[in-house]
Amino acid sequence: MMTKNDRPRVALVIGSGSVKCAAALGLMKVLEREHIDVDMVVGCSGGAIYASLIALGWPGQRAIDTTLKMWTRDVTAKRNTRAILQLALPWIFKFDESFGLIDDRMINRRFRDGFEGATFAQTRIPLFVTATDLYNGEQVVLSDGTIAEAVRASISIPYIFPPHKLNGRFLVDGYQSDPLPIGVAIKEGADIIIAMGFESPYQEQITSLMRYNYQMSSVTSNNLLKANFAFHNLAHHSEIIPIIPEFKHRIKLFDTDKIPYVIEEGERAAEAQLPYLKELLGK
Amino acid sequence: MSEKKQIALVIGSGGIKCAAAIGLWRVLQDENIQVDSIVGCSGGSIYGAAIASRFSTDEMQNLSKILWTSEIMQGYTENLKASKDGTLRFNERSGLVNDAVLNSTLQKVFGETKFSDLHMPFKIVATDLLSGDKVTLSEGNVFDAMRASLAIPIIFPPWEVDGRLLIDGAASDPLPIDVAIQDGAEIIIAMGFPLDYRSRFRSMTAVQEQLNSIYMNNILTSTYAFYNLAHHAEIFPVIPEFDGAVSMFDVAKIPDVIEHGAQAARKQMPHIKRLLSSL
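Those protein sequences? They're chains A and B, same order as listed.
Position 215 (the first sequence) corresponds to 1020 in this note's numbering; numbering is contiguous.
Position 269 (the second sequence) corresponds to 525 in this note's numbering; numbering is contiguous.
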């Protein structure tokens, strides 16, 4: 499918990877410099934040400032008292699907304020955010309503944040069904897909049950990433350009002070693929 | 004389549901279809090893009954409690279950059998706990490989093989069809088991299980879609449909599970036979 002026449709897909997803801002810098237009943006988990900022057309510095305001360590500071009681006395405080160790009121408010109530209808570039249905495990693609709600659903980090109830469904983190949702861009008719993905880091040492859980989460999500990528790459008739930034040090969940470095690595990774992308675009 | 096409049987992970492979095997024998190699993952590795050892279907059924009992979960409740209150320190070699019962049952049945003692080529898939990589085992003691592939994360302790800490093959590939493809199989009969989803969450363990099922089923769907697209020969999926959920230690349901395996296999027989006769 071609657009009016017969230009291939370009999609940008940003996978899960928490603060590392800010690398997408570096990628955008390169695309803007080269006047490469993006026709749709797809984001998953941490990638959903940056996909939304890009789709809204908020320029680099505003995007960084918004992230710094929304994503600070204190969003996970307030324990969910009910969850503690549910764990300690499950026979009294009934356990249910809305379990999460952290009280999510602060993060919900941060996303509402950060995205300034913007809706999908207001984006400059069509935006798609992915989450996972807790009950049937399937990927759910969100493309209407407020961006804050969709991003919150996509970032329901297991055990930390409770699943997010949206339109009658309990949604968990998008990476549970596909950490790099290239399939969404394919279905939406993209001809060229720029896919920025991140492997989930492994534990340096497994010293507790929780760390073992995190290790397993990385093992399974990385295998899911590989399996999905292999399939989409083979099944898609047009081009998928993977952009996988490499980081010299570990970027942790709230390392927002490292965002400038993360953006640099995103830029570097994008530059490496640029000649190929330009060739495809006939530039 | 036309050369016979190489047929591989792949039995995926699925715990007690893997007993459905007994039904599949019975149908293959009835139809006189000769299998040339087998690949097994997790629970599927037990039945793969049994078939490659030429166990009778009765022997396989008896093995199922002694294996899938709640005794293999010895210590689970106590250890779970101890891990929560901090008295049990968890590390990469830990598991919530004391694996002595599982080990002794499997050792009684398979003893010191080596892969090279088996009647046909057989491979087992496990996962490297530290690197997340898929690991294919086809040498040494069958028991070691099987025990590694069966190590359900957090429940059973990992198993060390050749210096690597290995866990459940399902964590990297619940239905490892690619092992058969790489070994040159032209016809692949793949029996797989999607995990059941819950409709209620009454404990942290239930939430963990659900999140785990979501991962595994999504890996199963994408690897299957990929292999199906990538492979130039034929893959016949045999996915038994059970009446309701089959819980891990439901030994009373084993005959039923076997029957559903046979039913699912019979559905594919006309297609498999047509392909075999056309070659």
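These aren't lab readings, by the way, just hints derived from the structure by calculation.
C-beta: ideal position from N, C-alpha, C; glycine also.
Any given hint could turn out to be false.
To be verified - Distance condition first, Cα-Cα at most 20 angstroms in a straight line; then the derived EDC-like pairs of lysine to aspartate or glutamate:
hint	chain 1	residue 1	chain 2	residue 2
1	B	K523	B	E327
2	B	K390	A	E1004
3	A	K874	A	D1062
4	B	K261	B	E465
5	A	K1053	A	E1084
6	A	K899	B	E465
What the hints assert, rightly or not - Just a sample of chain B residues kept apart from chain A, beta carbon distances all over 10 angstroms, derived:
hint	residue
7	E348
8	L374
9	P409
10	N473
Consistency of the hints with the structure:
no.: 1; hint: B:K523 to B:E327; verdict: violated, 35 angstroms
no.: 2; hint: B:K390 to A:E1004; verdict: holds, 16 angstroms
no.: 3; hint: A:K874 to A:D1062; verdict: holds, 12 angstroms
no.: 4; hint: B:K261 to B:E465; verdict: violated, 40 angstroms
no.: 5; hint: A:K1053 to A:E1084; verdict: violated, 30 angstroms
no.: 6; hint: A:K899 to B:E465; verdict: holds, 18 angstroms
no.: 7; hint: E348; verdict: violated, 4 angstroms
no.: 8; hint: L374; verdict: holds, 28 angstroms
no.: 9; hint: P409; verdict: violated, 5 angstroms
no.: 10; hint: N473; verdict: violated, 5 angstroms
When held up to the earlier numbered hints, the structure conflicts with 1, 4, 5, 7, 9, 10 and fits the remainder.
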